[in-house]
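If you want the building blocks of each chain, they are given just below.
Protein chains: 2
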Amino acid sequence: MTGTPVAVGIDVGGTKLTACSLDANASILVRARTRSPVGDPELLLDEIARLAAEVGDGLPVGVGVPGPVSRAGVISHAPNLDVTGLDVGAGLTARLGRRPAVTNDASAALVGEHAVGAATGHDHVVMLTVGTGVGGAVLVDGALLEGASGHAGELGHVLADPGGPVCGCGAVGCLEAVASGTAMTRRARELVAAGRPTLLAQADKIDGHALDEAARAGDEVARTIRREAGEHLGRAAASLVNVFDPSLVLLGGGAGVNAAGDLLPPMQQVMRERLAGFARPIPPIVVASLGDDAGMIGAGLLALRASGQKP
Amino acid sequence: MTGTPVAVGIDVGGTKLTACSLDANASILVRARTRSPVGDPELLLDEIARLAAEVGDGLPVGVGVPGPVSRAGVISHAPNLDVTGLDVGAGLTARLGRRPAVTNDASAALVGEHAVGAATGHDHVVMLTVGTGVGGAVLVDGALLEGASGHAGELGHVLADPGGPVCGCGAVGCLEAVASGTAMTRRARELVAAGRPTLLAQADKIDGHALDEAARAGDEVARTIRREAGEHLGRAAASLVNVFDPSLVLLGGGAGVNAAGDLLPPMQQVMRERLAGFARPIPPIVVASLGDDAGMIGAGLLALRASGQKP
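Quick mapping for you: the protein sequence lines, in order, are chains F and G. Anchor point for the first sequence: position 127 equals 126 in numbering that gives the first Met the number 0, and the numbering is continuous, going up by one each time. Anchor point for the second sequence: position 253 equals 252 in numbering that gives the first Met the number 0, and the numbering is continuous, going up by one each time.
In short, the hints are calculated from the structure, not lab data. Here the structure is a predicted model, which is why all the values come from computation and not from measurement. All the pointers check out, no bait thrown in.
Among the chain G residues that face chain F by a calculated CB cut under 10 angstroms, a handful are: (1) Gly-84; (2) Leu-174; (3) Phe-277.
Glycine is no exception: its CB is placed at the ideal position from the N, C-alpha and C atoms.
Make a model of the complete structure from these sequences and hints.
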């Protein structure tokens, strides 16, 4: 059964743009994708507008972008796209003839998971996304946490270890600096350079894929790297449960979902240990279920809501 | 000019109960206080009810309590009062003949500061209260952050140092374990025991008062203890700004206000350093301005709102 298209959702990633049209039940009707133009903001906006027209010309458009976005729709900085200060809201309004809903990709993913994924039925949710970096989004009473200037939810930059490595943001010991995909592969390279016996030493390139293969083969170094990242995520999750008192913690992002088998058990254990002294219920940690589709579904739903329609 | 009393606010502390009646402008009309009965829940409820009748018989009553409170008004554990699982909501309803608004003391203080104190005009606020422990409260779009079960805002239990001391909650390295009044006096005792030259070695008792006197006299050890606590508070504030994107960070609590001269400069500096890499505005940190009155004023305002009246 195919519904009537009511909105377009677009997920802007560092490597690809994916788009879809949605019906009123948030089911995907038509899909399209293309490679992300990196370092060329005008072409990026052109391609987003082209995909939007391709999957649902004239419908409300929502866009999830990989970086902090102001309430007005300006990306302050998205290193994966090599853009800074890009006014996505104005740029797409000019191209589409209507104002898009622009949000952070993690926020879009959480809206998608809340509507039709792993967070259905939960109105207080903390989502941690582990990919190239660590991102996040928070649902408070069913609404996305936005903050005074629209930049709330930068969960990758909570303190994880004041004696830890310097983060890409310049601060010492952020969660992202010890638990992102990038942090895990950097740690792998350090351990290979230190001569630790590991399958990773034989990899052509020590990247997320090599770490994944080594972990699957039972390599102790690879498993330890993931376990330690999971422990950091567990400590951060405990902090965030103390702060937000959610009924659910969601683990998402490419690396987060992919490595969930190794990340989740230590994350659960450490979070539970840190929360054992409180009378409050301890929320479960579950893995995001919509995969790469979460962001575009959520972006489409946000467009629909911004247009005054339900859901 | 004296207004008409519209609500009663009561702050339940570990040493004293303070109560007041408020007019519609949140001005205090009548005050009362008594010593807190510790370890006797029935007497505690009796005394709260007696103070309420004394300052404003028959008015809506709001109570701020020193510990986590469920949405139903049950204190899970308040070590300073030596009570566990106390149903303040039901106990006071029986005594007052009407349901009180029961909230955490830090949340009550933030509501007071937001209405008539240092947070006026800010609808996104993170408040850290430094006293015997470290507490906190958060305002999101003008509303108190409550969470799924009413226990949100336990900001004293965010991770400050994974290699740090064990917190009263049982977890390692919580903010409370390194930056509370208790943590500062413990550190003072450690340094005196280690033979560090300090005025604190001559104090009859090494407590918050002795630390305060030594710091005022320019004692290096006392100043260093406060500076290090301020740095921890600054790292935590940076994490919380990344999470909430507030327009204001508020420093409150007895020790927080009292030691603000020593705590605030390192707290500001460390927070700013950690946030320098982000395009987002960096909020100021200001000191709470209502002192001990904040909690009872906020509790009274919450009672007024719960009764369906404004503000």
